[in-house]
Each structure stands twice: as C-alpha cells, then as structure tokens.
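Trainee: Spelled out from the first residue to the last, the chains are:
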Amino acid sequence: MRRALTAVAAVALLAPAAALADVQQVLLPGPTPYPTPSPPLVTGGAPPWATLTFKIHSSTDQRVGAGVDERGRVISVRALERLRLTGTGDYLIVVSAPVLDVRMGPGSESQPGQRRGQILWSGFSSKRRLLVSDAKLHAGPVRPYLPLRLEARREGDRYELAVTNATTTSEVAFQGVGVPKELAALLDRTRRDSLAHRRLRPAYVTISGAISQRPRKERISAPLRIEGRLRFPSTPSAASGGTLAGRTVRFSFVLGDRQPLTRRVEVTGGGDPKLSLEARPDAVVRGLTPPGGASTWSAAVARSRQPAEALLERLIETRMELVRSDQFQGFLSNPDQLGRNHTIYVYETAAAPRAAAASTGSSSGGGPLMVLLAVGGAIVAAGAALITWAHS
Amino acid sequence: MRRLAFLIAGLALLAAGCGKGSSEQAGRLVIAVDVPVTGSPYVAQTIRQGVELAASNLNGGGGVRVGSKSYLIKVKLYDSHLSARTAVQDARRAIDAGAVAIVTDGTGVDATWQLAKQAGVSMAITHDGGTGLVDAETRPNVFRIAPTNHGIAFRYAEYLIPKKLKVALLSDDSGYGRSGAADIGRAFESNPEAVALKLTLPAGQTDLTPQILRARRAGATALLVWGQPPTIASALSASRSIGWQVPVYTPPTGSDPFIRQQLADHPEWVDGLTFAGGRLTAEVGTGPFVNFQSQYEATYGADPVGVKNSKGQAVVQPPEFAMYSYDFVHVLVAAITHADSIEPGKITAALNQVTTQGANGDERGFNEHNHDGVVDDDVYFARFHDMTYQPVQDDPLSATLPLIPQTRSQ
Chain A
1 MRRALTAVAA VALLAPAAAL ADVQQVLLPG PTPYPTPSPP LVTGGAPPWA TLTFKIHSST
61 DQRVGAGVDE RGRVISVRAL ERLRLTGTGD YLIVVSAPVL DVRMGPGSES QPGQRRGQIL
121 WSGFSSKRRL LVSDAKLHAG PVRPYLPLRL EARREGDRYE LAVTNATTTS EVAFQGVGVP
181 KELAALLDRT RRDSLAHRRL RPAYVTISGA ISQRPRKERI SAPLRIEGRL RFPSTPSAAS
241 GGTLAGRTVR FSFVLGDRQP LTRRVEVTGG GDPKLSLEAR PDAVVRGLTP PGGASTWSAA
301 VARSRQPAEA LLERLIETRM ELVRSDQFQG FLSNPDQLGR NHTIYVYETA AAPRAAAAST
361 GSSSGGGPLM VLLAVGGAIV AAGAALITWA HS
Chain B
1 MRRLAFLIAG LALLAAGCGK GSSEQAGRLV IAVDVPVTGS PYVAQTIRQG VELAASNLNG
61 GGGVRVGSKS YLIKVKLYDS HLSARTAVQD ARRAIDAGAV AIVTDGTGVD ATWQLAKQAG
121 VSMAITHDGG TGLVDAETRP NVFRIAPTNH GIAFRYAEYL IPKKLKVALL SDDSGYGRSG
181 AADIGRAFES NPEAVALKLT LPAGQTDLTP QILRARRAGA TALLVWGQPP TIASALSASR
241 SIGWQVPVYT PPTGSDPFIR QQLADHPEWV DGLTFAGGRL TAEVGTGPFV NFQSQYEATY
301 GADPVGVKNS KGQAVVQPPE FAMYSYDFVH VLVAAITHAD SIEPGKITAA LNQVTTQGAN
361 GDERGFNEHN HDGVVDDDVY FARFHDMTYQ PVQDDPLSAT LPLIPQTRSQ
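Top line first, the protein sequences correspond to chains A and B.
Quick note on numbering: my numbering labels position 287 of the first sequence as 287, and the sequence is numbered without any gaps.
Quick note on numbering: my numbering labels position 358 of the second sequence as 358, and the sequence is numbered without any gaps.
Watch out, some of these pointers could steer you wrong.
Said to hold, decoys possible - List time: in silico BS3-like cross-link candidates among lysine-lysine, alpha-carbon distance up to 25 Å:
id : chain 1 : residue 1 : chain 2 : residue 2
1  : B       : K346      : B       : K117
2  : B       : K198      : B       : K164
3  : B       : K76       : B       : K117
4  : A       : K127      : B       : K163
5  : B       : K198      : B       : K166
6  : A       : K127      : B       : K346
In case anyone wonders, no lab produced these hints; they're calculated from the structure.
Go ahead and model the full structure; you've got the sequences and the hints to work with.
Mentor: Structural data, given as structure tokens:
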C-alpha cells in the first residue's frame, strides 16, 4: 500500500513538471522495486542486520515445499535455500523467515544458526562457498505469500482441482505519448531479457507532453509455469484439463501471460488422489510477442502503424509482470540485492499435522477408555496430594 | 509549627526511603568467574581480567538498565584448582550468591552444567575447545567463546592435506590431549595417506626423544602435537636436539608463554612453530583489537611472556582469552536487556537471540542451534619467528590478517 501511495505521489509530482517540459525521460518499471514487501519473506521486529561486503556476491537456488491437505490447503512449508557465495572475505547473513527449525542442507559447507524468525550464517568465504539451509517454516504466516492457491473438491465420483495464480496485485501506472519507434525498441529489449530469463535492466522512455496516472490500477500477475500430476489409487474413467495415463492424470499450463489465472482439472472415478505439482515463475512470452506475425516489435512498427498509447501500455504492463515474476524467484531473501535467484514451488499432498491427527484420534475408538483413565488418574492424584498435605 | 514541619519532612523522607521502586538505588548483578587460579594461573588471570574489564566499563556507564532500575555488575572469583570436584562446589556457591552466569575456562563443566541449569544459570567457557562440552540441544545453558577443537582439527586438515605432508599426529594423555586426538583423528580419517602415525605422548615427560625418533622412522614430514604446553615444549626440544627441523603444528596451546619460557635458551627452536587459534582481528582491521589491548594494558599492564626477541625487546602476549571473556559479558548484558529481566532462566534463553560487536570488531553471539561464539571459519594459523608470531601467508583466511604487535620497549 505504501509503495502504491509513493508511486501515486511520484506521478502527481511529475504532472506539473510535464506541463513545463515538452519531452521527458521517464523511468520504466524494473528491475525493482517490487510491488509488495514480500516475497522475500520478512518477519516482524527489528530489521535483520547482515554484513556482506562488496567483495562477496551471492546467488540462490530455492525449493519451497508446500504440504497440502485433501482440500488443497497448505498445512506445512519447508524451504531449501542454496546460497552460493563468490569472493573472499567474512560474511554474516541473516535470512528472515518464520522458522520452526533449520538444519544444514545437502552439500552445505557450513551449519546454519537459528533465532526467532531468522536463519543465520557466519564465517569466511575463500573464493567460493556453498551454504544450504533446510528449514521448516510456520505455515500460517507463509501461506499468503505462496504463488498458488489450490482448491480441491469431491462431489460423489467427481474430483476437481482448481489451480489459481495468487500473485496478482494492483499497481499504479502512468500514461503519456511516446515515440512508437522507441517503444518498439524497448519492447524488443524487454522481450529479449524475458526470453533469456534475465532480470530487467533499468530503462527510460521518452514521453512528449503531459504524463498522468492511468485511471485504473493495473492488475499484475507473475506468469507461472505449472506442471503436475494427480495419482489415483485406481484408474479414473475420465479426465479434463489434463491427460489421463493409467492411474495418473498429468497437467501442464501457464497461469498468466495473457492466459487464464485459474485452471481446473476434473476427474471422474479413481478415488482420492495424491497431488504433486511444481510451479515456476516464468517469462512473459505471449505478452511480448510482436503483432501480425512480425519477428520483432520494431519490424511490426515499421510495417504498419501501431498506436503509441497501446505500445506504452503493453511495455509498462509486461515489465510489471516481469518484476512480479522476478519477485517470486526469491522466496527467501538473498543478501546480495543484485544476486540472481531461482525458486521452484513444489506442492504435494501431505499427512495432516500431528496436532490435528491427535485431536481426530480421540474419536477413533480408544476415546472413552482414555477419558476414564484420565478421570481415575486425576482422582488418585488429588487423593495423594490431600494425604501429603495432611502429613506436612 | 516548626515541629510539625520537621515531622512532615521526616515522614516524607521515611516514605521515600521505604518506597518499593526506588529507581535511584542500583541493584547488583553477580557474574561468577570460576578459573584455575592455582592450577593454570595465566589462563585464570586473563579470563578474570577480561570479565572485570567489561564489568568496569559497563558499571562506569551506569550499569545495566532493566526496566526502571539500574544494576551494577559484581564479579565474584572462585578458584577451581583445575579440579572438577572443586568446580562443583564453586558452582553451588556461585548459585547461592545469586550469580546470573558463571564464566569458566572449562574445568569441571561436565559436572557443573546441570547444577547451573537447574538454577537457570548460564555457563560460559572461554578457553577449553573440547568437543562435547557445548551442545545447544543437550546443554542449553552452556555457551562458549573460544576456538573449538573440532574447528581447529578440520582447519588443520584443510590446511595440511593439500601440502602433501606425512603428518605424525601426536597427542598427550591429558584430557585436553585425548579430546583433541579424537577430533584430529576424525578430521584426517578420510585422508589416511596424509598420516604417518598416531602416537600418544606421556604428559609431563620432559624427554620425548624416543617418540620423536619413532615419528621420524615412520616417515613423518610434519608433527601435529596436540597437548599441554609442556608436551609441546618437550616435543620441540626433542626434535631440534636431534637435528630434525621438521615443521611442528599445534593447537592454541602452542602460543602459551610457557613454551617460549622453556626454550628461551634456544629461541631458534621456537622458530617455525605454527599454532592454530581464533583470529584476533576482524575484517575491519586491527583498530578495535588494538583499542581493547590498550585498554587492557592500561588497566592491568601487558601480559609478559618472560622472554625477549633478538633486539632485546620484551615480548608480551596479546590478551586473546581476556577478549573472549570480555565479549561474553557484553553478550550477557545484551541478553539481559533483550530479556528485560534479571531472572537467570530468561537471560539464558535470551542469549540465543542477541549479537554484539566483540572487542575485535567481529560480531559475537549465539543462536538456538549453536552455542559456540567462535565459528570454525575464524580459526587461523600463525607461525613463530624471533619469539613472536604472525599469521601465515599460505592460508586464505590467515593471509588476510594483520600482524598484532607483541613487543614492548623497556
């Protein structure tokens, strides 16, 4: 919200200046700031301190495992972060996360420390060092920042899984009159970066005349590439939204990037399935495809007139989408602001948490006996206490 | 009328004196120091002085503020006589005296930590790096700021194996030697080709010539001697007196003044001796440590080694272990502030959550998984020349460290 207000204020400040200047350079979205504070995860309290001198750089590869129940609700979260340091020097790294427990992950050259809401690394890097943490996180505080929302339903013999892109957010954007040729060149550059999975580079656009805030906020989503499977105990009779092969239904699609934000997989028969799904923040492809079969936006503009307003709108929207996609590449923080991040989100059917299992267990047969034992024990304990008191 | 006024004034003063929450009067926080004053005086003195210096600085600044009240730190000294039994008695006395923490060299911790735990009192080891003394899960009230044997052993493996040396792993039969031998054995177990032999040396024996000759016959091209200072001095003496200029590597005990005192007549025998220790300076440079050293020497004087270099300058010992105990007091105070309580149990829990800047400019702190305040990566190697030492240049960390002045003009 604060960022949105800042953006509005910036546009508002820009407007009077626009009246004075005929032509001006305006900064386009990307590579930062991100539209929301999380991801990467942040925990409350004092902001984490860390020292990573300019001599050391870091990149991360992350695998976020979300355990889901039969309805698709996330009930457990585990995050594996591989921090690759390059350079020689001391490091002190604090990764903010609602951590339940953290252990050293495979291949790690050091042990992570743990504090309330923090994963800690401290040591000396000699040219390069790999730090791998395997952390169990509190599901509650993490849930709102996961990129997908899953809803599974069973009605009779029919099972339905709805997979929704949950990265959508609203952003303030500006409008003005740009130069089609320059806008096309910027779209081509943005497209090249997107297809190469490179983080956006800062870019300016030339605007003639007044600049104003667009009347409506843009609804921005990170494109997510989804690949998943539902494995059933017996062979289903039919499936839509996925491919049925034996007892398994496989599905693969992109949520966002000019495609629906929700997809459904419907299956008839087969019993209760086990879900396994991977989501990856992806490039903007469709949104940056040049019109009319042209090989580039520049070629398209040279061939036929393209409205400058539409080109600017497309440029801003797609860059916002790429920024949002980049934001979800780093679910846990990287101490190097400029470092590369890559995150895969894995959703799998998980056993119910122990507390829930215990609470449901009482109604599974041994309940009355346990109650009797508990009451009897309490009576004996009270009697013993009375005797002790009387003799004291 | 005047009598009435006096009466009212008197009652007012009385009321003020009886006030429950008099915020003007400072309370007292006891930190116990249990060290072998009569068994290992140098270690005992440097640990005690580190604690006292930190307490003095904090008290000079008004003490420790908890809620609306200030507390002055009082340091109570106990002599463990290097005896676990005495350490147990000391721990009981310290807990009875209301200590919020016990700072120790490590003597008797295996026997005292549970007593302290029952009272919620934290224990801080600032000398012994023994594996098993500290375990965040099983001994949640035991903390350490000192290089660990585990870290030293693995750093030695990392440092020596690429040199293609055939190392004789020698350890004495003291508790320190045995625990170090276990760690060094584990560190080298994946590279048996780097080990010429493993041998236990009798602690306290002045002539180790037979054992050193045996190491030479086994084809050793380096000695790693894990033992008390007298053992290291004897091993050096034996190898040099038979004309064997084999490189000798040691744990932090290699920097103990005792070795140089023993070999003062043959300073060249000390040349080349390499020891592992906790780095004295951080990446920020020598400034913070030199400031600490100046303050330490201004208060207690320099710790003389008791020898001179070839220029006739007196050699002094940098206050390494004093720095560790000094740092612990600061981490403890940060924990008290974090807990906003002087209840020992709450302070012990808060020790997992705080970090302070240490005397050398590095961060000091513990966490829920690790109660060792000196990480393995902080272990560096230094080599003696002319009775003083300097970081080696063939190890990536050590090569980045500056020289700490160790001589004083007389």
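Trainee: Compare the structure with each hint and give your call.
Mentor: Checked hints:
1. B/K346 to B/K117: 12 Å, holds
2. B/K198 to B/K164: 17 Å, holds
3. B/K76 to B/K117: This hinted pair holds, its Cα atoms lying about 19 Å apart.
4. A/K127 to B/K163: Holds, at about 19 Å.
5. B/K198 to B/K166: 11 Å, holds
6. A/K127 to B/K346: Outside the cut-off at roughly 40 Å; violated.
The structure shown violates just one earlier hint, number 6.
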